[in-house]
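There are 2 protein chains.
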Amino acid sequence: MASSILSDCSSARLLPLRRALLPQRLPRIRPCPALASPRRLLAAARPQLLPRPPRMDSVPAAAASSAESVTVSADASAKVIDGKLVAKQVREEIAVEVSRMKDAIGIVPGLAVILVGSRKDSQTYVRNKKKACEAVGIKSYEVNLPEDSSEEEVIKHIASFNSDPSVHGILVQLPLPRHMNDENILNAVSIEKDVDGFHPLNIGRLAMQGRDPFFVPCTPKGCMELLHRYGVEIKGKRAVVIGRSNIVGMPAALLLQKANATVSIVHSQTKNPEEITRQADIVIAAVGVANLVRGNWIKSGAAIIDVGINPVDDPESPRGYRLVGDVCYEEASKVAGAITPVPGGVGPMTIAMLLSNTLESAKRIHKFK
Amino acid sequence: MASSILSDCSSARLLPLRRALLPQRLPRIRPCPALASPRRLLAAARPQLLPRPPRMDSVPAAAASSAESVTVSADASAKVIDGKLVAKQVREEIAVEVSRMKDAIGIVPGLAVILVGSRKDSQTYVRNKKKACEAVGIKSYEVNLPEDSSEEEVIKHIASFNSDPSVHGILVQLPLPRHMNDENILNAVSIEKDVDGFHPLNIGRLAMQGRDPFFVPCTPKGCMELLHRYGVEIKGKRAVVIGRSNIVGMPAALLLQKANATVSIVHSQTKNPEEITRQADIVIAAVGVANLVRGNWIKSGAAIIDVGINPVDDPESPRGYRLVGDVCYEEASKVAGAITPVPGGVGPMTIAMLLSNTLESAKRIHKFK
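Order-wise, the sequence lines are chains V and D.
Per the numbering used here: the first sequence = residues 3 to 371.
Per the numbering used here: the second sequence = residues 3 to 371.
Honestly, the hints are just simulated from the structure, not real lab data.
Among the hints, a few may not be true.
Pairs count within a copy or across copies, as identical chains cannot be separated in the list.
List of simulated lysine-lysine pairs, PhoX-like, C-alpha gap at most 20 Å [what the hints assert, rightly or not]:
#1 Lys273 / Lys301
#2 Lys237 / Lys273
#3 Lys158 / Lys369
#4 Lys104 / Lys122
Bear in mind the structure is a predicted one, so any value in this text is a computation, not a measurement.
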């Protein structure tokens, strides 16, 4: 049965397995039970719960606003946290706000994207961001520089956008060519326009009590937004973040902590990741290892946010591979209370949060409530 | 027996109990067993293990360098981590380096302290810092401003020290008078001279992989230094930090994480602090609640760093009170592998690390190795 093979959570068939990120002592891998493919599972489980949106200008701080909250249920399948649906809602709310702002003060939020080189994947990401901007009425500016540009040239363009009043957000598409120093370039982005939220000053303010960052990095902000919109209680809960990258794991842990969860961070040096993860009411997996988190890592009823997007071999797919998360969906969805699918979970939220940060920036700069 | 009463870990006799910091569901408090006072215990347990110093300019990153490492021993008493002794060693090493630098390039490190108002405790702290500077050959500069000074006046003095080449570290003594905004004032300190390490840019760099802060906040740096000098292994170990303040708990957690521990942060909203703490090989307690951490919170053989300094009622003391930590020393020292006493543990390390940061700053500014 092809589908049972395709949904096998054993890592034997994984494509580029990032060994550096793997915990040193992984539990013995058991094959995943035969199940329908995640895509079919997802279709069958389309959420009965339609999240109600909070106001966009206070998204991360908004209390859980969905009518129904996620509850523990060991026997039933987990609720599907539908990122595609939420991202669509968020984009619609942003479009309304952009239009309201334009009508009231004549200002249109602007996002500038700088792309260096001609990587196909980066070009696709930039095109998608541009499209998403257009769809909600945000003006986008794009600069394409050749692969062999100097750091100074990139920084010159950043400086120009820093002082351009029609630009409220600046994004440098990563990865940069190898001869460039990411840190020098990202630090050149004005802190008030750093919509990616990667500046260390933003991270520091995120870590500190009594301070707030100008911007929250988009992917972890998207994770929190999903938890909020699906009514997952965070305060006083145990949360485990798997992975500690600067762009997802670490800021996600800081956000959960700011929301008063008791947070543990599991990483490549953790000796018993499954045992620690099993204590968590909320899991955010962002380690980049396909199907790492098995069903027996998960506490019954936990909310699972799967940030991983990993290609695994799939001879039935026209592309020869398909995308799976860091969590073994088939196993986890039987134990968890709520879970994001891959694709269709966190993925669509990242661009939605980029738009949200750009709108927020324009509102702050122009003191528009 | 007076001593048994004095060493009682029940919180009944606590002086200013900071209720806001208490976990919501504290475990039932059992009276501490009758024991000699901590001071006597400490005298009896003076370390058999004499730590060997790493080089001062790479203190926090230095691998454990003590000849003997801390080992698990459930029956024996815990090793005493003697902060007074280590702080003395650190100060001696700094004195040697200051002298070497003066001889080689004619530069003497300088620390500027700004005190606003006339709080007795702040005056004492500032005096102690000045004395400590003098003892190691660091030049100290002091500005005393009246309580009713304006923010602008304080910032003017900071700006003057920022541009003074003989000053390598600037410290604003906290707390500031109520009419001042701490954030505005601390942010005015040049990031290159922020020897307290409280600037959000420093905290952000501390949180991020692949980045290093200019300075590590003194008290958490002191905690790490104690662990290093007593050969406590950190990589791959479970660590729990109790408390999440900007100046101790949060940066301590970031430091442990940078050293590859698996870190959990326990705070006032944590529902089962004792259960989580019991999983830790390393505990840093920095919550400001006398004797909060009982013996049954502690894993056998764990290393315990107690940052708390809390006054408790003591009719036998001439002052009417004595100081105890956040950890019930009498109980914990029977279970732990190593433990800091209060006083004489973390306390003396804070000023030693301030001197270390000032020396480090002067070396960096003058490119002296």
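For each hint, the structure was consulted:
Taking CA atoms no more than 20 Å apart as the test, Lys273 paired with Lys301 passes in both settings, with 19 Å inside one copy and 17 Å between copies. In this homomeric assembly, Lys237 and Lys273 come within 20 Å of each other (Cα to Cα) only across copies, at 10 Å, whereas the closest approach inside a single copy is 27 Å. Proximity of Lys158 to Lys369 under the C-alpha cut-off of 20 Å is found in neither arrangement, the shortest distances being 28 Å within a copy and 29 Å between copies. Taking the shortest Cα distances, Lys104 and Lys122 never come within 20 Å of each other, neither inside one copy (34 Å) nor across copies (56 Å).
In this structure, the hints that do not hold are numbers 3, 4, in rising order.
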